[in-house]
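Student: Chains as they are written, first to last, in my numbering: chain A, 1 to 115; chain B, 1001 to 1114.
No lab work stands behind these hints: they were computed from the structure.
Treat the hints with caution; some may be incorrect.
As the list claims (entries may be wrong) - Residues from chain B shown here face chain A by an in silico Cβ test under 8 Å; the list is partial:
hint, residue
1, Pro1040
2, Arg1042
3, Gly1043
4, Leu1044
5, Phe1046
6, Lys1049
7, Phe1090
8, Phe1104
9, Gly1105
10, Lys1106
11, Val1112
12, Ala1114
What the hints assert, rightly or not - Straight line, CA to CA, 30 Å or less: simulated BS3-like cross-link-like pairs of lysine-lysine:
hint, chain 1, residue 1, chain 2, residue 2
13, A, Lys11, B, Lys1022
14, B, Lys1022, B, Lys1058
15, B, Lys1022, B, Lys1049
16, B, Lys1069, B, Lys1022
17, A, Lys57, B, Lys1077
18, B, Lys1058, B, Lys1069
19, A, Lys57, B, Lys1049
20, B, Lys1077, B, Lys1049
21, B, Lys1022, B, Lys1077
To be verified - Partial selection, computed: residues in chain A whose CB lies under 8 Å from chain B:
hint, residue
22, Phe33
23, Leu43
24, Leu45
25, Ala82
26, Phe90
27, Gly107
28, Pro108
Since we're looking at a predicted model, the values are computed, not measured.
Heads up, the beta-carbon is just placed ideally off N, CA and C, and yes, glycines get one too.
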Amino acid sequence: DAEITQSPRHKITETGRQVTLACHQTWNHNNMFWYRQDLGHGLRLIHYSYGVHDTNKGEVSDGYSVSRSNTEDLPLTLESAASSQTSVYFCASSTGTSGFPDTQYFGPGTRLTVL
Amino acid sequence: AQSVAQPEDQVNVAEGNPLTVKCTYSVSGNPYLFWYVQYPNRGLQFLLKYITGDNLVKGSYGFEAEFNKSQTSFHLKKPSALVSDSALYFCAVSANSGNTPLVFGKGTRLSVIA
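Required output: the full structure, derived from the provided sequences and hints.
Tutor: The structure is reproduced here in structure tokens:
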């Protein structure tokens, strides 16, 4: 069955370290998204991609970067981790062209703690 | 800019009673509207969506939502709540023009009491 996976599921790191969170989907979806979930804020969009080599900034993109070299993967990199980036991170993907907001399918999440 | 408001952080309902989780939105043009549910330590799961057509949308697990354009609302409803419906519910909106991604509300925690 097609799915979307995230790794690692849990990560503890130190302030200033570079961290990469992986997201892999086998739906063959064009669109992929990264969100962070924090109490009181709901889900906030970090970065998104509408296809290979396409990336766009979301609402809370500072301190994060993504690259899309193939359809299946959209890794999220924290260039220099900060305590404010302690959060639960969700990856999602959707079908459709030109960013049409079709149903998004979410991964299980990565809980990141920055000490 | 588009936005979503879920005015209640927490909704409590007795098992067997009807439930409503409220959502209002703001968007330029016509909206695409979604409801998602999140169970503990899980990702979000799609419940239902409104794109166009009938204002009453039926979704998974017996949930439905009514699109009200004049009140800019998209409230989630279920005729008879189950304890297993206890979860975090998110409303999301996007404009139906251009490449605008979804904007999510802050979520409403539903607690169904036996």
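Student: Next step is simple, just say for each hint if it's right about the structure.
Tutor: Status of each hint after checking the structure:
no.: 1; hint: Pro1040; in the structure: violated (11 Å)
no.: 2; hint: Arg1042; in the structure: holds (7 Å)
no.: 3; hint: Gly1043; in the structure: holds (4 Å)
no.: 4; hint: Leu1044; in the structure: holds (4 Å)
no.: 5; hint: Phe1046; in the structure: holds (5 Å)
no.: 6; hint: Lys1049; in the structure: holds (6 Å)
no.: 7; hint: Phe1090; in the structure: holds (7 Å)
no.: 8; hint: Phe1104; in the structure: holds (4 Å)
no.: 9; hint: Gly1105; in the structure: holds (6 Å)
no.: 10; hint: Lys1106; in the structure: holds (4 Å)
no.: 11; hint: Val1112; in the structure: violated (21 Å)
no.: 12; hint: Ala1114; in the structure: violated (26 Å)
no.: 13; hint: A/Lys11 <-> B/Lys1022; in the structure: violated (35 Å)
no.: 14; hint: B/Lys1022 <-> B/Lys1058; in the structure: holds (16 Å)
no.: 15; hint: B/Lys1022 <-> B/Lys1049; in the structure: holds (15 Å)
no.: 16; hint: B/Lys1069 <-> B/Lys1022; in the structure: holds (14 Å)
no.: 17; hint: A/Lys57 <-> B/Lys1077; in the structure: violated (34 Å)
no.: 18; hint: B/Lys1058 <-> B/Lys1069; in the structure: holds (17 Å)
no.: 19; hint: A/Lys57 <-> B/Lys1049; in the structure: holds (25 Å)
no.: 20; hint: B/Lys1077 <-> B/Lys1049; in the structure: holds (13 Å)
no.: 21; hint: B/Lys1022 <-> B/Lys1077; in the structure: holds (9 Å)
no.: 22; hint: Phe33; in the structure: holds (7 Å)
no.: 23; hint: Leu43; in the structure: holds (4 Å)
no.: 24; hint: Leu45; in the structure: holds (6 Å)
no.: 25; hint: Ala82; in the structure: violated (23 Å)
no.: 26; hint: Phe90; in the structure: holds (6 Å)
no.: 27; hint: Gly107; in the structure: holds (5 Å)
no.: 28; hint: Pro108; in the structure: holds (5 Å)
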